Amino acid sequence: MLLTLAQKYGRGGLLLLGGLSGLSLGVFCASVAGLYLEPGATVQPAAAVSRNAVPRPPVLRDYQVILDRNLFNPDGTGLSFGPESPATSRQDRAAAVSWQLIGTVSGGPKPLATLRGNGEARVWHLGDRLPDGSRLVHIERSRVGLRLPDGRDIILKLPEKSTGTEKTGTRRNHKAQTAPGSGNVIGQGIRRLGDGRWLIPRAEAELARSNIGQLIRQARVEPNLVEGRTEGFIIRMIRPGSLLSRLGLRVGDILHQVNGINLDSPEKALQIMQQLRQARQLDLALERNGKRLTYSYRID
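Letter 278 of the sequence shown, counting from 1, is numbered 278 in the UniProt record's numbering, and no numbers are missing.
These aren't lab readings, by the way, just hints derived from the structure by calculation. The structure displayed is predicted, hence computed values, not measured ones.
For lysine-lysine, the following DSSO-like pairs were computed, each having C-alpha atoms within a straight-line distance of at most 30 Å: (1) 268 with 291; (2) 110 with 268; (3) 157 with 268; (4) 110 with 157; (5) 110 with 291.
So the derived label-pair ranges between C-beta atoms look like this: (6) 201 with 293: 20 to 26 Å; (7) 138 with 267: 16 to 22 Å; (8) 291 with 209: 27 to 33 Å; (9) 240 with 193: 19 to 25 Å.
We treat Cβ as the ideally placed atom computed from N, Cα and C, and that holds for glycine.
Using the sequences and the accompanying hints, generate a full structural model.
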């Protein structure tokens with residue numbers, strides 16, 4: 001076909017044919033040269049993925065992009081997640097310190113504790129949430145565990161016995177106990193008046209009330225469960241020479257009533273303990289070896 005065009009158009013056709021051939025050859029050569037001169041593409045091997053790899057849980061900085069975009073205020077200054085401020089941390093610690101442990105009932109299926117906060121004492125069960133958002137997560141005989149709203153755990157302990165005044169009073173009472181001719185004094189200033197009757201000096205009562213933690217550590221009292229019901233509280237342990245032992249109580253005694261109030265729940269036991277802080281007379285109905293007894297204590 002090209003030859004036919006060349007013959008038809010003569011010399012002009014030959015020139016056109018030569019130009020097209022040269023152009024095609026140039027394009028072919030350029031393509032071949034480019035193929036060899038172009039640097040080869042580097043193929044990266046696929047990263048090995050462990051079958052046991054566990055995706056890490058998201059952390060706070062993963063959500064920084066949300067603050068960077070600041071959709072609700074695009075012209076605002078940048079925001080960022082920061083550490084807890086010292087002021088906030090101090091406030092949390094102050095809130096935790098504001099709770100004071102008054103007493104616990106750790107035996108039985110429903111442990112509970114009495115805590116004082118904002119000037120008010122109240123009974124709390126295990127798992128209860130306190131007004132400040134803390135949760136009661138652990139109860140022992142002389143301490144409890146609180147989980148603060150920020151997830152930190154703290155321990156509240158019963159107050160330790162006082163120093164100074166208490167030691168002086170103890171030494172003074174010890175001298176009175178060993179004084180000759182005072183056979184009716186059974187220790188710590190408590191006097192036995194007769195069968196089932198005792199006199200507790202007011203100073204001794206105040207000393208005991210201010211050292212509830214010490215008294216609780218001197219004895220262990222648990223709910224007396226009968227067919228799943230609480231029928232009084234049984235004394236499991238009493239330290240020899242302790243205050244409770246000097247009040248005539250023994251291991252195995254079952255305490256049924258205090259000042260006419262039945263001890264049929266741990267809540268009542270702790271509530272009565274609070275009421276006794278101001279009592280002038282204490283009448284205790286108990287059971288010992290199947291026999292009912294009544295002990296009376298006068299505070300004067």
